[in-house]
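S.K.: Spelled out from the first residue to the last, the chains are:
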Amino acid sequence: MREGVLHKAWDFVRKFWKVVVQVNRDKATDMLEFEVKEMENIFVILLLGSFIGLPSPPAAMAMELLPFMEDEIGLMVSRADFAQDPLGAVMGMLHVD
Amino acid sequence: MKKLAFFLGKGGVGKTTISSSVASQISREGRKVLIVSLDPAHNLGDVFGARLTDARTSLGPRLDGIEIDLAAWVSRYLKESREEIRENYRYHATINLDSYINILKYSPGTEEYAVLWAIEHIHREHREDYDLIVFDTPPTALTLRFLAMPSISLMWVRELTGMREKILEKRQTVLRLNPEASVVRGAVKKDEDRIYSRLSGIRSRLTGLHRIFQEESYLTVVVNPDDLSLAEALRIRHELEKLEVRIDSVCLNKAPDEGACKEKVEDSFRRFPVFTSFHLPDGVRGAEDLARIDVEDLKNDLIGRT
Numbered sequence: 001m002r003e004g005v006l007h008k009a010w011d012f013v014r015k016f017w018k019v020v021v022q023v024n025r026d027k028a029t030d031m032l033e034f035e036v037k038e039m040e041n042i043f044v045i046l047l048l049g050s051f052i053g054l055p056s057p058p059a060a061m062a063m064e065l066l067p068f069m070e071d072e073i074g075l076m077v078s079r080a081d082f083a084q085d086p087l088g089a090v091m092g093m094l095h096v097d
Numbered sequence: 001m002k003k004l005a006f007f008l009g010k011g012g013v014g015k016t017t018i019s020s021s022v023a024s025q026i027s028r029e030g031r032k033v034l035i036v037s038l039d040p041a042h043n044l045g046d047v048f049g050a051r052l053t054d055a056r057t058s059l060g061p062r063l064d065g066i067e068i069d070l071a072a073w074v075s076r077y078l079k080e081s082r083e084e085i086r087e088n089y090r091y092h093a094t095i096n097l098d099s100y101i102n103i104l105k106y107s108p109g110t111e112e113y114a115v116l117w118a119i120e121h122i123h124r125e126h127r128e129d130y131d132l133i134v135f136d137t138p139p140t141a142l143t144l145r146f147l148a149m150p151s152i153s154l155m156w157v158r159e160l161t162g163m164r165e166k167i168l169e170k171r172q173t174v175l176r177l178n179p180e181a182s183v184v185r186g187a188v189k190k191d192e193d194r195i196y197s198r199l200s201g202i203r204s205r206l207t208g209l210h211r212i213f214q215e216e217s218y219l220t221v222v223v224n225p226d227d228l229s230l231a232e233a234l235r236i237r238h239e240l241e242k243l244e245v246r247i248d249s250v251c252l253n254k255a256p257d258e259g260a261c262k263e264k265v266e267d268s269f270r271r272f273p274v275f276t277s278f279h280l281p282d283g284v285r286g287a288e289d290l291a292r293i294d295v296e297d298l299k300n301d302l303i304g305r306t
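As you go down the protein sequences, you meet chains A and B in turn. Note that my numbering has the first sequence beginning at 1, numbered continuously upward. Note that my numbering has the second sequence beginning at 1, numbered continuously upward.
Just chain B, with the same shape it has in the complex (with noise of 0.2 Å):
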């Protein structure tokens, strides 16, 4: 079952319009829903016409908001992490930690781990509260990183955990021999071993999250007629294969000649159903005209499988 809907494609295709109006309108038929913006250049709370956080705000009748503010989950984890290390090290300032864990919030993969932890906090503590929780996602670039972030992410584990059981298998070989040596200080069985177990516990986050994205989520592309657009989202398509994550649907927006249109993404997406959502020409302002969208197809088959 599918509880989860993730709303992708290139910048300025309408991801955030269409994903509003669709969790705007399941909500206004019945079903409680819970919309998140986990792109970093919010724009939710401005569709909506009201200010969104971090925290839960009420946008209507069984719909919710949320904007997630990413600097906050890298530094509240980075604060995690410093007074982990202070309660463990004997003498932190060895290498001068405390100055590579500030410099940390600059480094590649960080921002891309704080949408994955984002998500998974979400999913933990919100899934029951909702019938369906829409997510708004970045533009491309950073929505691929943080997809494919468990798989990559799970083949260094993969590597990791096989040294580490090699080094704790040879480790029992020599205190069997020599009790005394100095490499069996450390721990020498899996359980007892706290790297061993941190590699463990994050092996089961990262198979977790990747469940969660080729399980529980629906995944819509979202094209304008333009061929950049089109190409991106077949580009799209082409990665989250490779991460055998498989997209639901195809979402047509901004198309003025829905016929010839419909046509040519349908033959670029021969085996995803393709629908056409119909744009207000003066644009969104509060919930009011995102009950107008017509985005009555790309509803139906999402609400058909959650």
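Next up, chain A with everything else stripped away, as it sits in the complex (with noise of 0.2 Å):
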């Protein structure tokens, strides 16, 4: 019996510290993530910016790499979502209020 709570009590406390690592993981690699995320929002504007009017590579190149750029162009057009309000995305991942 005893030992069972201190069983339960045990995974308790493992769980609680891998949620405490993972939470500072993340805020570790907050700012790495978002580099990445933009990098990628950027790659795919260069290939396909000649859908905003942008200089591009020639279509037919840009053809050749489009059918592996699904998630990509995921990224893209959620990343559209907050062009009105770059700053502020910033700031919300510098926790700054």
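Careful: at least some of the hints might be erroneous.
Okay, the calculated beta carbon distance ranges per label pair [to be verified]:
1) A:71 to B:55: 51 to 57 Å
2) B:306 to A:49: 48 to 54 Å
3) A:87 to B:84: 36 to 42 Å
4) B:228 to A:39: 48 to 54 Å
5) B:231 to A:54: 56 to 62 Å
6) A:49 to B:87: 22 to 28 Å
7) B:189 to A:54: 27 to 33 Å
8) A:71 to B:304: 51 to 57 Å
9) B:11 to A:49: 18 to 24 Å
10) A:49 to B:175: 27 to 33 Å
11) A:87 to B:126: 57 to 63 Å
12) A:85 to B:231: 41 to 47 Å
13) B:106 to A:71: 26 to 32 Å
Chain A side only, calculated, beta carbon under 7 Å to chain B, not exhaustive [to be verified]:
14) 27
15) 29
16) 60
Okay, derived cross-link-like pairs now, DSSO-like style, lysine-lysine, Cα gap no bigger than 30 Å in a straight line [to be verified]:
17) A:37 to B:189
18) A:37 to B:166
19) B:166 to A:27
20) A:37 to B:190
Worth flagging that the hints you see were computed from the coordinates, not collected in a lab. Since the model is a prediction, treat every value here as computed from it, not as a measurement. Quick reminder that beta carbons are idealized off the backbone N, C-alpha and C, glycines included.
Relying on the hints, combine the two individually framed chains into one complex.
M.R.: This is the structure in structure tokens:
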């Protein structure tokens, strides 16, 4: 009975510690993840820039890469959501109220 | 060793006649020759009095001809891309890709790419079957654009590859610190990333094509004695030098007075051999006429480099 309670308590501490570690890891890599997403977004915009009037590589070249860019296109579309308020996004990431 | 010959020049200077004549005469001397028209407004078949298609047609002993169907090449390519997208995308209608792909056939640059794919295909499939492959090119603007396409595209490929490498490096860093992060759902290594692999594939294709133009091709510019065609020939030389592609000779066609005209062309192209071809005043009708056009010097120079 006592062993069971101890086991449950240990299990709780372990899970709690795992969550604490993950939260801190997420905080530590927030900026890096933001940077990666921004780079991926710029990569798609560079490739498909002709959509919005930017200089872009020959369309046929973009076509060769397009089949493998579903995730990146999804990211570009979601990034467009906060395009109205990029400063707000950065401030949110830095936890500035 | 040069196995491909390109005849360049302003529209109407006689590229088709000279290239057909050279191809025909070399084949009569015992070499196996393939002549290919890259001009969307084909008239190669008219010169030989034959109906040419995208597949090889015999024009005589040891001589075959092809007229490249650029529209078919573009359609084939777009179809392959559409199928590839259907295979890879979970939800292919995200941004109405089908209609985007259909409109791409009218996109600037697509025709030039189609010419490149056609040249690459012919080089790969027929290089071993022939001693020489002669290309009759479209007028200057399109020719220069397709010759420039590998260099221009390579600049884009270099930039995009560099950027992709940085993305993969950052993903690796994030993976080390936080394996649960959402950005590391995609590939983190170069050999696992399909975009990076495809970019490498495009780079090797374009490098190969540029090497074909630089090392394996004999380029001759056909000029007439008038100032306009000469000015355009000089512009071709200048543009090709920027791409590090060197022309090998100049062919003066339709010159009534060989001496004075040749001197003028030689003055403009000091470092290049200038050959004169004597055309038939009544025009060319069939293979027998092609054999009568005097392209001896140009032919010998070309054979000497193959």
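S.K.: Hint by hint, which ones does this structure get wrong, listed from lowest number up?
M.R.: 1, 2, 5, 9, 12, 14
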